[in-house]
Amino acid sequence: MRVLYFAWVRERIGEGSEEVETAAATVRDLVAELRAREARYDLALSDMGAVRVAVDQELADLDAPLAGVREVAFFPPMTGG
Amino acid sequence: MHSDLRVSVQAHDFDLAAEAARLEATGAGAVVTFTGLVRDVAGGLRHMELEHYPGMTEKALAAIAAEAAERWPLDAVTVIHRHGRLAPGARIMMVATASRHRAAAFQAADFLMDYLKSRAPFWKREVTGQGAGWVAATDEDEAALDRWS
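Listed in order, the protein sequences are those of chains A and B. For the first sequence, position 39 matches number 39 in the working numbering, and the numbering has no gaps at all. Here the working numbering runs 1000 ahead of the position in the second sequence, where the first position is 1.
For the record, the hints were derived by calculation from the structure and aren't laboratory data. Take the hints with a grain of salt, since some may be wrong.
[Unchecked claim] According to the in silico footprint, chain A covers these stretches of chain B (three or more CB under 8 Å from chain A):
#1 1012-1025
#2 1053-1059
#3 1108-1118
[What the hints assert, rightly or not] One-sided and incomplete, this derived list gives chain A residues near chain B with beta-carbon spacing under 7 Å:
#4 Phe6
#5 Ala24
#6 Tyr41
#7 Ala54
#8 Gln57
#9 Pro77
#10 Met78
#11 Gly80
Where is the CB? At the ideal position from N, CA and C, for every residue including glycine.
Using the sequences plus the hints, can you model the full thing?
Right under this line is the structure:
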């Protein structure tokens, strides 16, 4: 699965995207797996109230299932316009 | 009704007059345009950097434009949003709507702006002489969406 990071989430993790081998059933499980990896992930994803998630390029919540999913992205609330 | 939807995510500037002329040519009768510019709120802004999510951005803009065309009788919708480095005063984005009805054109443009602010995957970073920082989303931006639900 491809995992992408944007804006300050990208800066804290130190890269914009990576391939992740995971059996996580939901976004919440994936977040827990990533946070357990290294301090930089823990720092970036400690407050999921401040982070938005997209699953296959659609906004999703932490309960979103990951079966068959190709791409998950983590980023701060958007500031377009 | 069939609406002509045009969405573009681009680094280069756009020609507001040409975009407005395209919509005027639909013969709709009412064309509303809105342009967002880089402003120097606190003073000392050197430039703004707009990061986005290639792939998702185009889809999100197309979905927002299609939603506007479903809610209001629009002949055409144009949404253009730039990314990359933008100087103070530079154009960031524009929306334009064409309709037979003035109120529909205004309301649809307002709706598009509210959704672009908090549902299109862009992130603004301001670079000043003192350093750089991400622009925080506001509660007002999120609350603005409630107007349309």
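Open item on the list: Restraint: glutamine 57 of chain A near chain B, CB-CB cut 7 Å. Satisfied or not?
Closed with: 4 Å, holds
Task: Coverage assertion for the region 1012-1025 of chain B with respect to chain A, Cβ distance below 8 Å, three residues required - done: Per the Cβ count (0), the hint is violated.
Task: Restraint satisfaction for alanine 54 of chain A [CB to CB of chain B, less than 7 Å] - done: At 6 Å from the nearest chain B Cβ, alanine 54 of chain A passes the 7 Å test, so the hint holds.
Task: Three-residue Cβ test at 8 Å for the coverage of the region 1108-1118 of chain B by chain A - done: holds (count 4)
Task: Interface hint outcome for phenylalanine 6 of chain A [beta carbon to chain B under 7 Å] - done: 6 Å, holds
TODO: Return the status of the interface hint for proline 77 of chain A: holds when the least beta-carbon distance to chain B is below 7 Å, violated otherwise.
DONE: Nearest chain B Cβ about 4 Å off; hint holds.
TODO: Answer holds if the nearest beta-carbon of chain B is closer than 7 Å to that of alanine 24 of chain A; otherwise answer violated.
DONE: Interface hint status for alanine 24 of chain A: violated (20 Å vs cutoff 7 Å).
TODO: Hold the hint about glycine 80 of chain A up to the distance rule: shortest CB distance to chain B must be less than 7 Å.
DONE: 4 Å, holds
- [ ] Verify the interface restraint on tyrosine 41 of chain A: the C-beta must sit less than 7 Å from at least one C-beta of chain B.
- [x] 19 Å, violated
Task: Minimum beta-carbon distance criterion (7 Å), methionine 78 of chain A to chain B - done: This hint holds: methionine 78 of chain A lies near chain B, its Cβ roughly 5 Å from the closest one there, short of 7 Å.
Open item on the list: So is the region 1053-1059 of chain B in contact with chain A by the C-beta rule, three or more residues under 8 Å, or is the coverage claim wrong?
Closed with: Since three or more residues must qualify, the claim that chain A covers the region 1053-1059 of chain B holds, with 4 doing so at under 8 Å.
In this structure, the hints that do not hold are numbers 1, 5, 6, in rising order.
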